[in-house]
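Q: Sequence:
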Amino acid sequence: MQTAAFGIWITGLPASGKSTIVFALRPQLEALGLTVDVLESDAVRRLLTPQATYSEEERDLFYRALAFTGQRLVAHGVTVLFDATASRQAYRDLARAMIPRFIEVAVECPGDDGNIVVGKSDSGHRHDPLLEESGYLRVVSAHL
Numbered sequence: 141m142q143t144a145a146f147g148i149w150i151t152g153l154p155a156s157g158k159s160t161i162v163f164a165l166r167p168q169l170e171a172l173g174l175t176v177d178v179l180e181s182d183a184v185r186r187l188l189t190p191q192a193t194y195s196e197e198e199r200d201l202f203y204r205a206l207a208f209t210g211q212r213l214v215a216h217g218v219t220v221l222f223d224a225t226a227s228r229q230a231y232r233d234l235a236r237a238m239i240p241r242f243i244e245v246a247v248e249c250p251g252d253d254g255n256i257v258v259g260k261s262d263s264g265h266r267h268d269p270l271l272e273e274s275g276y277l278r279v280v281s282a283h284l
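Numbers in my numbering are just positions in the sequence shown, counted from 1, shifted up by 140.
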């Protein structure tokens, strides 16, 4: 008997370990007999918006397309791992509304100083211009 497909959205700041978790999780799910695909935001973005501006409108379109693609895969029996920051809760809420069996996992990676690690600039300060522009909102409704 085939287990019903589902979606897992791994969200978190850039460089928080989302891809590492997805890389480890996929073979475990496949070992259970599930067909699994990964929607990795950087790879999908290169296809959909090769000259990405990261404008609000572009992000809205991108995450709608990502959620729609995931929903279609799940509808065809493929378990989907979303490897994407999705800075706004609304992006993940859209996927949750579209995919009946959906789990959201928030990855937080505290640094030595207790702040969330985003990455380090050459000067050693933690900062990410893209994050500052996007206004990443801390996850409040994740399942894990």
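No wet-lab data here; the hints were simulated from the structure. If you're wondering where the values come from, they're calculated on a predicted model, not measured in any experiment. Be a bit skeptical, because a hint or two may be false.
As the list claims (entries may be wrong) - Quick list of simulated restraints, FRET-style, between CB atoms:
| no. | residue 1 | residue 2 | range |
| --- | --- | --- | --- |
| 1 | 243 | 208 | 31 to 39 Å |
| 2 | 217 | 193 | 34 to 42 Å |
| 3 | 194 | 143 | 33 to 41 Å |
| 4 | 144 | 193 | 19 to 27 Å |
Just so you know, even glycine gets a beta-carbon here, dropped at the ideal spot from N, CA and C.
Q: Compare the structure with each hint and give your call.
A: Here is how each hint holds up against the structure:
1. 243 <-> 208: 31 to 39 Å: violated (18 Å)
2. 217 <-> 193: 34 to 42 Å: Distance hint for residue 217, residue 193 holds at roughly 35 Å.
3. 194 <-> 143: 33 to 41 Å: holds (37 Å)
4. 144 <-> 193: 19 to 27 Å: violated (38 Å)
Comparing the model with each numbered hint stated earlier shows that hints 1, 4 do not hold.
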